[in-house]
Amino acid sequence: MQYLMLLALPADAGDSPDAPQPEDWTAYTQALVEAGIMVSGAGLQGAETATTVQVRNGERLLTDGPFADTKEHLLGFYVIDVPDLDTALEWASKVPNVRTGSVEVRPVMPTAEAARVDATASAAVG
Amino acid sequence: MTPLERAFREERAQVVATLARRLGDLQLAEDAVSDAFAAAAATWPSAGVPDRPGAWLTTTAWRKALDVLRRERSTPDDGVDAVVPPPPEPGLYGEDDLLQLVLTCCHPALAIDARVALTLRHVAGLSVPEIAAGFLVAEDTMAKRLVRARTKIRQSRISFELPGAEAWGERLASVQAVLYLVFTEGHLASGDGPAVRTELCDEAIWLARQVHRLVPDDGETTGLLALMLLQHSRAEARHDDAGRLVSFAEQDRSRWDVRAIGEARELLATTGRGPVGQYQIQAAIAALHAAAPTAEEINWSRIADLYGLLARVAPSPVVTVNRAVAVGRADGPRAGIALLLPVLAEGRLAGYAPMQAAYADLLERAGDDAGATAAWRRAAELSRNPAEQAALQRRASGN
Chain A
1 MQYLMLLALP ADAGDSPDAP QPEDWTAYTQ ALVEAGIMVS GAGLQGAETA
51 TTVQVRNGER LLTDGPFADT KEHLLGFYVI DVPDLDTALE WASKVPNVRT
101 GSVEVRPVMP TAEAARVDAT ASAAVG
Chain D
1 MTPLERAFRE ERAQVVATLA RRLGDLQLAE DAVSDAFAAA AATWPSAGVP
51 DRPGAWLTTT AWRKALDVLR RERSTPDDGV DAVVPPPPEP GLYGEDDLLQ
101 LVLTCCHPAL AIDARVALTL RHVAGLSVPE IAAGFLVAED TMAKRLVRAR
151 TKIRQSRISF ELPGAEAWGE RLASVQAVLY LVFTEGHLAS GDGPAVRTEL
201 CDEAIWLARQ VHRLVPDDGE TTGLLALMLL QHSRAEARHD DAGRLVSFAE
251 QDRSRWDVRA IGEARELLAT TGRGPVGQYQ IQAAIAALHA AAPTAEEINW
301 SRIADLYGLL ARVAPSPVVT VNRAVAVGRA DGPRAGIALL LPVLAEGRLA
351 GYAPMQAAYA DLLERAGDDA GATAAWRRAA ELSRNPAEQA ALQRRASGN
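Top to bottom, those sequences are chains A and D. Oh and the first sequence: position 113 is 113 in the numbering used here, straight run, nothing missing. Oh and the second sequence: position 50 is 50 in the numbering used here, straight run, nothing missing.
Bound-form chain D, shown alone (with noise of 0.2 Å):
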């Protein structure tokens, strides 16, 4: 990494932040510190780095700000000079800047595609074009869902400052949603999807890892690290050399990532002083999993009791699904499809894969073969991701 890049990554956030709240203005913000690592990577390779490359960025940025302000004034002497506050104290600025800029930008009152693209743009940085290829979309509706939720923010005026502690609580679940759900996309195209698609995980990392550094006392926050963490440990396992989907018993466990295991459970073993929400619960299962030296050693009463605790907190049919994979595996499949069968009579997810696909696992557990093809074949068909769905025909098909 050259010192720019490691420059971009480390400090960029930061500035932008800094900026934006001084001028309560996050295009401006962003613009101007567009410009002011153009003015580094013009200079910085001939004058040399900075001893404090943030806040050599962070003045550059302001001056170019300023600049922009006065050429907007109609006449020259329209006092900006008078009402401009003092620059930035170089290296002064306060971590609060870049929790304000996460928490504006993840603000309950935007969409939530339009907070999730702010989120990309301003504080992880990434270009329009990126983020729309990471969702799929056309440039141009990515560009304009941004361009949308910035007049919302300065015309509705969502301020940049921190919310008091009542608002707290709601908040910060807000960010967490939008981070998770950066993740889950970046995990949902993992082995077949283009790299800029799959990086979303890392990116939703290193944006946990910046979201816990400023609230290291959030158990949801730390929880959902931790999960990312367990998650992503199995990346590398969850294909095989052809690019095949490998389904979580079969994988190969040498490839976990243990570095990755070891620090969300050190994470974990930081939380529990507040309330225990649905972030904190998933990840110890996920970590239940994680420690198991093999499928057939998981300790799946504990894990069916946690998706217990899980249905209570943050209930779901999806949740229930997976409790019932649970309880099938603890106390026997005729337990789990007990509890499966209401969520299927519901039918609200009748087009859930992995629902037909855990009913397809406990029936064949049960010994009823024609039962399970059926529903191993509706799995399959279900299946949007083809290594997927090559994975479930396999198994409608019985090897």
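Next up, chain A with everything else stripped away, as it sits in the complex (with noise of 0.2 Å):
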């Protein structure tokens, strides 16, 4: 099962001592790979260079900055494949930047095909 996990920091956390290094990022990336359970994942530049897109009644409007007008910017994010949420959840309270900011963990939508398939086999194993 595949889960993403979205991260977040505050806008004005960059300055805590807590703040992750690019060391960290790379430690864990690492040990998503040895674990076996990376499926992608990457860093974005800083919020303020986010461009948001609507179209309305066939019009693009654009706007300068990321979508939501939250407190929390994302920096980025990882996909994992995992057997259940408390094997994400694990995981996500080791992602860098967890002690200052947020991790929210989402399971990816299976496509109609693997459903079907995960249907059957939840129904075997139980």
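Honestly, the hints are just simulated from the structure, not real lab data. This one's a predicted model, so the numbers in the text were calculated from it and none came from an experiment. You may find that some hints are simply not true.
Said to hold, decoys possible - Simulated restraints on C-beta separations:
1) A:E34 / D:D140: 44 to 54 Å
2) A:M109 / D:D140: 21 to 31 Å
3) D:P342 / A:V53: 45 to 55 Å
4) D:R384 / A:G58: 47 to 57 Å
5) D:P342 / A:V79: 42 to 52 Å
6) D:A38 / A:M109: 29 to 39 Å
7) D:D31 / A:E104: 24 to 34 Å
8) D:P293 / A:E104: 22 to 32 Å
9) D:A38 / A:P83: 33 to 43 Å
10) A:Q30 / D:D202: 48 to 58 Å
Glycine is no exception: its CB is placed at the ideal position from the N, C-alpha and C atoms.
Please assemble the complex out of the two chains, which come individually in their own frames, going by the hints.
Below, the structure is given as structure tokens:
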């Protein structure tokens, strides 16, 4: 089962001594790869580089900045493949930004074919 | 109790648990178990009660669930029979199944009100209307809450397996919080609430007994069960014949349930190996209250010490208020007021009637009659329980 981990930091968290360092990210990504659960992931440029796009009545609207006016800024994501939510939460509580920011964990929606296989498997294994 | 009612009380949760774990689907399990009980109601009166009702129910519910799974397959030959596991061995279901069901319903990734609803619905076996009435919410609100919670369990794959050792403490703490919340909801309603609300106390105690049976060595679970028994032992004495709330000090102690108190004391005697937590400390305090033959003989200095310990283990303004009351009894009202003043000044509990009542009582005993009257009045204004409000107003007017 795949889970998306959305990583966020408060806009003002950069200077905290607990702020994640580049080598923390390398080590964590390495750990995901070694555990054989890494599907994908990326770090993002700062929120000040974001452009938000909307189309209303056929007209394109561009806004400078990220889409949600939240106190936390998105800084990257991972997709991991683990058996259940508890395992995903276990990994989420070790992401480098978790001490100063937050990690939102969401199951990735299975494709139609995957859903069918999935239902059969869960009935079989339980 | 008919054999069917007994089976519902004693076997239902276990059968749901066994099916939920094997199917990985709480709703499918619950529906199948309902069908099995309907089948039992139809056949037991004429065919007789099976030797092992639990095994009969498990097998019947399992067949019902497989029927549903087969019907859901698009083509009749979709291989359901090839992939389904053999039926659970009759009568051999593990106790672990029930513990897993409780832990899943109380998973910390679910909102606390969802955990409460799931636990009452699937472990205690209450109906949706009963739970809705118990928590004073609309029936469809409660139904939606349950659907949302079960969807999250299924879609985010909250597992029905026992957690690893490192997660054990967090998971049991969540179970304890859920059960205590159910209990206090019933406790608040006692006296003037409808039966379905006050019965939440009995449901919480029943649930705590089940969990205690499954983890007898967990001190906090034991402490929680003891705490509930002690608080509930005073249920009869909390109101007079007219339904008016009787303050703790004025309760007729002969109406306390001595059997429940005795059981709680025996439970507490079995703890003490693990770390001491909030429920054990609160139970120890309640046991000291219960041990005093009259209100004048309460061991306040020991209780004040225990509140000091509780303030370290689980600090909260409410604990400080209770501590101030105990210290006020042990070391005099001035010492109690000194502890209470910072909480009063902080304002977070400004709307908390028991704090104003505690303050009023301390002022009264310190000889500040005008201050006491004002505080009694504030307490009465803040109280939302009509019986309690009346009692506080009587204090404000000095009788």
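List of violated hint numbers, smallest to largest: The structure conflicts with hint 8 only, although it agrees with all the remaining ones.
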